[in-house]
Amino acid sequence: DAGITQSPRHKVTETGTPVTLRCHQTENHRYMYWYRQDPGHGLRLIHYSYGVKDTDKGEVSDGYSVSRSKTEDFLLTLESATSSQTSVYFCAISESGQGKSSPLHFGNGTRLTVT
Amino acid sequence: DQQVKQNSPSLSVQEGRISILNCDYTNSMFDYFLWYKKYPAEGPTFLISISSIKDKNEDGRFTVFLNKSAKHLSLHIVPSQPGDSAVYFCAASRLNTNAGKSTFGDGTTLTVKP
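Chains as they are written, first to last, in this note's numbering: chain A, 1 to 115; chain B, 1001 to 1114.
There's no promise every hint is true.
As the list claims (entries may be wrong) - With a Cα cut of at most 27 Å, we get these calculated DSS-like pairs of lysine-lysine:
| id | chain 1 | residue 1 | chain 2 | residue 2 |
| --- | --- | --- | --- | --- |
| 1 | A | K57 | B | K1101 |
| 2 | A | K11 | B | K1054 |
| 3 | B | K1071 | B | K1054 |
| 4 | B | K1037 | B | K1101 |
| 5 | A | K57 | B | K1054 |
None of these hints come from the bench; they were simulated from the model.
So here's chain B without its partners, still in its complex pose (with noise of 0.2 Å):
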């Protein structure tokens, strides 16, 4: 049973253009929400995070938005720069246990084109 799902693997938007990243999970019991970046041939970066407590989260041209009744969350870019082409990966943990223990996504890959 997948708890965190990402049900596109791949989008494409034109640079400029906003982004909309999507993650859905089953487990009412995660209240912290991350999303991660990674380029090929490295690792993941942090990117952003949200807890349950809030419903938006901004920094810069990355928000996070946490719609708990629908335990649904999604990642926008605006605007969308080649430089985001990349794989995205949504993770959701447990505040009152070790948050490294993150349950991840399958990863979205987006592709901005020039």
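Next up, chain A with everything else stripped away, as it sits in the complex (with noise of 0.2 Å):
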């Protein structure tokens, strides 16, 4: 396994607090990402990361911001939460870069519940 580790593994907060959700991994991929898994939906991205202090927005990043201050930890923080913000999170990281491919490894997921 790609050695990712997402923490916590479970949160409940309540709407309005803030939420950071942490990823950490020890392959030096230079990319990570952050999805959200929502039933009907399948995996979504937030935001990604080619880089250290280098994000870029995915398709449904409203309410997320991100932070990679070092290759292994990639931050996604929910500002103030909200219910529609229940869901639960993948961090992924892949090798690849422009004019490669190479597929996502993903960890285990946070379930987060905001209510």
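Take the two lone chains and join them into the complex the hints point to.
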């Protein structure tokens, strides 16, 4: 298994509170991603990073921010959690870059419930 | 507009038979396709991929077929085993961009009955 650790694995929080999810990798891969999985929607990309301090938005980035100060860590922050952000969040890493292709390796997910 | 569609939410097959999972896409710029398998409480794991220069890729019991003119791909599992019971996601991306920016289908839940 690719060395990807997500923390926490489960979290319950109240509407309006800030939440930070952490993804840690030991593979030294350049690319890191945050996806959310919801019933009937598959996996949707929130934000991704192509290097330290280099990040960009995915298709469902509203209400989320990210930071990557080290190669191994990629943080996802919900500034003010809403019930629509109740979901399972997956971090993924990839070796690929421009002109290349390689699959994603996923962590085991964080189940977030916003009450 | 959903660019990658898996029209069958679920599929049930008997052990030893063939499982065929289907996926359609609308964006003709996609040129790299992947299948992932997901067990409950775990992250998806990569299964098999195919680039648009091929129409078939095989890896053991798993074969992916690509029909570019129909914008359709399928995953064949032969023979199916109970351990194959999982959710299968189809994903599509573009080779000249970061391949991690994949667009996923909604998934098909495969149940293989002993």
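Checked hints:
no. : hint                   : in the structure
1   : K57(A) with K1101(B)   : 10 Å, holds
2   : K11(A) with K1054(B)   : 43 Å, violated
3   : K1071(B) with K1054(B) : 13 Å, holds
4   : K1037(B) with K1101(B) : 18 Å, holds
5   : K57(A) with K1054(B)   : 31 Å, violated
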